[in-house]
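Peer 1: Residue numbers (this note's numbering), protein chains in the order written: chain G, 1 to 103; chain X, 1 to 130.
Just so you know, these hints were derived from the structure itself, not from any lab. No false leads were slipped in.
No farther apart than 20 Å at their CA atoms in a straight line, the calculated lysine to any residue pairs in the SDA-like style are these:
no.	chain 1	residue 1	chain 2	residue 2
1	G	25	G	47
2	X	25	G	91
3	X	25	G	69
4	X	2	G	87
5	X	25	G	64
6	X	2	G	94
7	G	25	G	3
8	X	106	X	65
9	G	14	X	13
DEER-style ranges, computed between Cβ atoms:
no.	chain 1	residue 1	chain 2	residue 2	range
10	X	80	G	95	31 to 41 Å
11	G	57	X	30	24 to 34 Å
12	X	55	G	42	32 to 42 Å
If you only want the chain X side, here are some residues facing chain G, beta carbon under 10 Å, derived:
no.	residue
13	8
14	30
15	32
16	123
17	124
18	125
19	126
20	128
Glycine included, each C-beta is placed from N, C-alpha and C at the ideal position.
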Amino acid sequence: MSTLHTVNKSPFEKNSLDTCLLLIKNDSTVLLIEDGVAGALQNTTASQSIADAMSEGVKFAVLGEDLNARGLPADRVINGISVVDYAGFVQLAADHDNVQSWL
Amino acid sequence: MKFAIQINEGPFTHQSADTAYQFTKAAIENGHEIFRVFFYHDGVNNGTMYGVPPQDDRNVQALWSDLAEKHDLDLVVCVAAAQRRGIMDEDEAKRHGKGASNIAPKFRISGLGQLIEAGIQADRLMVFGD
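Pulled out of the complex, with its shape left as it was, chain G reads as follows (with noise of 0.2 Å):
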C-alpha cells in the first residue's frame, strides 16, 4: 500500500524529514512542502540520505511555490526530484493511498 509523506519542515531545523525516511517503505512518495522544501536543494547535509531513499526505489516531489516563495531556483533542485504545483499535490494524493503529514 503506497503513502504520501508531506514533510513541511526544513532538515536543517527540525529532523521529520529523517524520521520519514527511517520509516518510509519504498513505493512510497515523499513531497516537500513549506520549509521542507530546503531539503530538495543538491549538496546540503540532507542530500545523501535522500539519495539513499531513492536509489531504494523512494519517489520524491517539491512543491514549487514554496520554492519560488523561498527564492530557491528549481535548476538547483536534486536530479530525480519532480517539482509540482498544487494541482500536482492534490494529484498524488489521490494517487497513494494513503497521506502521512510529518508536523
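Given chain G's structure and the hints, the job is docking chain X onto it.
Peer 2: What follows is chain X alone, placed relative to chain G:
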C-alpha cells in the same frame, strides 16, 4: 475523489493555513469533492470574523468564507478548541454569558465527531499544521 481537510494552525503562525486553502482550492478546481474542512487546535483561529489584517495582507478567513460560499463547503470549527480561544456562535456566546458572537460566515461550530465522520466518509484525510 472525496477529500477531508484538517487544519491545526491559525492564519498568523506559519504557513499551513495557506497551504490547506491552496490545496482545497486546487482539489475543487480539479474536479474533486471536499467532504468537510475541520478546524482543530489553533486552526479555529481561522474562523473568527473579527480579524482585520492589513489590506495588503491575505485574509485567510475571508478566503475560506468566499470559497465556502462558492462551492458550498462545510467549514467546521471544533467546539472545545473554539471555547478555549474565544470563538463563538450566537448559542455559545449566550450559553457562556458573552456579549457577542464572532464566528465567520459559512463556518459552524461542532464537535470532534465531525472529524471522525470526515475521516470515515472521505477517501483521503489531509492534515495541515505545524
